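**Q** Build out the structure end to end from the sequences listed, making use of the hints.
Each protein sequence line maps, in turn, to chains A and B.
Going by our numbering, the letters in the first sequence line up with residues 9 to 149, in that order.
Going by our numbering, the letters in the second sequence line up with residues 26 to 638, in that order.
Simulated from the structure, these hints should not be mistaken for laboratory data.
Some clues are possibly wrong.
Unchecked claim - Derived coverage of chain B by chain A (criterion: at least 3 residues anywhere in the stretch with Cβ under 8 Å from a Cβ of chain A; other residues may be distant):
id, region
1, 161-173
2, 251-262
3, 292-299
4, 479-485
What you are looking at is a predicted structure, and each value in this text was computed from that prediction instead of being measured.
No residue lacks a Cβ here, since even glycine has one placed at the ideal position from N, Cα and C.
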Amino acid sequence: MAETMTVFSPEWIEEYKRQVRGSPSYKKAAAAWEGDLTLVVQTDGSAFPRDCYIYMDLWHGEARDLRLVSAEEGAKAKFVITGGYPRWKQVVKGELEPIKGMMQGKLKLRGNLAYVVRFLGAAKELVNCTTKVPTRFPDEA
Amino acid sequence: MHGYAGRLLTVDLASGRVGSLEVPEAAQRSLIGGSGLGAWLFLHRSRPDVEPLSPENTLWILNGPLAGTGFPGSSRFTVCARSPLTGLWGEAAVGGNFGPALRQAGWDGIELAGAAPAPGILVIDGDRAELRDGSAYWGRDVYQCTQALKEELGAGFRVFCIGPAGENLVRFAAIANDGAHFAGRTGLGAVMGVKRLKAVVVRGSGQVPLADPPGFAAARQAALASCRDSMVARSFHELGTDAGMDLGLMTGDVPIRNWASGRDRDYASGLGGPALAEKYLVRTATCLHCPVGCKRVSAVREGPFATEEGPGPEYETCAAFGTLLENRNLAAVIKANELCNRLGLDTISCGGTIAFAMECRERGLLELDLAWGDMNGVLALLPKIAARQGLGDLLAEGSVRAAARLGGEAPEWAIAVKGLELPFHDPRAYHGMGLAYAYSSRGGCHNQHSAFPVEQGMVSWPELGLRDDWQGQSSVGKAAMVVLCENYGLLTNCLCQCHFVNFATRPSDLLSALNAATGLGLSLEQLLVCGERVWHLKRGLINLMGARDRDDRLPARLLEPLGEGGAAGSVPDLDLMKREYRGLRGLGEDGVAGAATLRRLGLGELAAKLIGG
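**A** Structure (structure tokens):
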């Protein structure tokens, strides 16, 4: 069994990038996507140590860049999705679809909604990639 | 009681005599208003065996206790009578501005009895009402009639009129508010037609007295804040109700080729909300007092499907004249929408009936030059349906009656529940929706409950005790979900609130507003009991009209799995859900509630009529 990595840690992000880059389903679904995206993980410190900003430079089905960045850098992305750590944990576990999460107010989207709606299949594949990363959650024994 | 006017305007169309009917406070307190009050009025002032297309079929136009208060989403109103399409309880809710104007004129609603000897227009200006000669308007389409009445009567009048389809008694004829908002379902435009009433127009300017003005202002601000913060509201505002097309195609919610296929063929890029916004949107529009603004004004500027600027299309219309007919040309959908609007046709039943006809043609049951995706043929057919010309006369009966006349296998291809063509949400993708279709008192419907947003995860209402993580393709636990969603969703129709605004707000926002407006002082639990009461009242009415458990069913096609698409391989376990549901509702195996259940809810008179004793 593969060794687990702490969620949203640099090594977890590296493995996630590898999964995205290796996903033919994502490549197909995002073939026309142009733009960068930041996932903002907010925390009160109790379950996860600090806020983090996962920057994804996505272009025509390729993940050109995917890394942790500062808040200032993350805020410059064309699209920003923000949510609390417990919500992102649900997403990574496959328990919360991000679109439902946004509709229910659990995740917030900043950016052109009409553009995002055209790429719901790509969003689904990005989430599928997270479930392939062997993940350890710091608030779970 | 605050919030309510406490009276209905009564009109005897045969004599032109107008009067006033006091509404008992107990009825308003226990049924809230809107279609709940309409069902109570039907029980007490009509007959379950009344012929739907006869002057005796009394028609009510009713608003809710928040009408005219400015609360977000409170501009809707409802029309009720026995349905010419289903032969059962008929109701249709509609947005716009007519409901608030009627309340500001001092009325909770209008009761229309009998039929006029010649085409008439009912003009209500505050306390005054009179039936005028409407001959000059008869034969005009909805847009023409609306414009002409506004020009003749002057500023401030709100119009509610039928088009040629209603005049010609098409069983799925709609009624239009100011030419932009349609009471489409169950064919009540034909009831206006048989009464020879072309239009009702109203002007009102009075204030609605509130029990607790500061409390109401606070509830209104809370609801506005909820809307501002809501992604659902934002998606409806930016993309219209067609916002759901893209996601629906992914999940298998959107029916294709008369519900027989799951093969997407990239419909989303052609028919979805983003495509509409980018190619054909002229501007957004809104009902009165709505912060969401889901309405579209669109136009096709050139080409074979060129249109004028006009309202729509909604999601349901994009599915009805798009995926359902295997048409990917959004311009053609907009053209069909314009024609339906002008003629006064319900786009859901109309699209469903045309899809049925296409399938019958394909299977050799109907001689018709109309292949899948032939939108020129569809556009040529619509005026014939409205005029009942040729084959249009058969299709004007709706898919279920047309199927019965064609015989053979034809009934299998009419996708309807209790005679009402289904809206375009596939129960193979969302099993609870199938149960909700089966038990909706007006026939297969997505707006007699809140199962649609709850099961699809568009809302989170923990204060109702509802989970927000349902698996669509599972039947487990769905009976309890649907019962609660009906009890809450029906209240939306009693309050005459917009379902879409409700998606974006909390139940407590609505309850606070109702209590502050009326002084009713209800708890959330008591309010939900009102919803339960209304469900049983409407159920009792359709029982009196002959509906039984055998009618609580889904079309056989929807119990067969699709081979492809988001819902491939999935079918609802309707038997399981029905067993659980009957237990929760206190229904016997015949689909009739026991007397004890009805009496617990204060429906003793219904129990006596239904069960005796």
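**Q** Does the structure break any of the earlier hints, and which numbers would those be?
**A** 1
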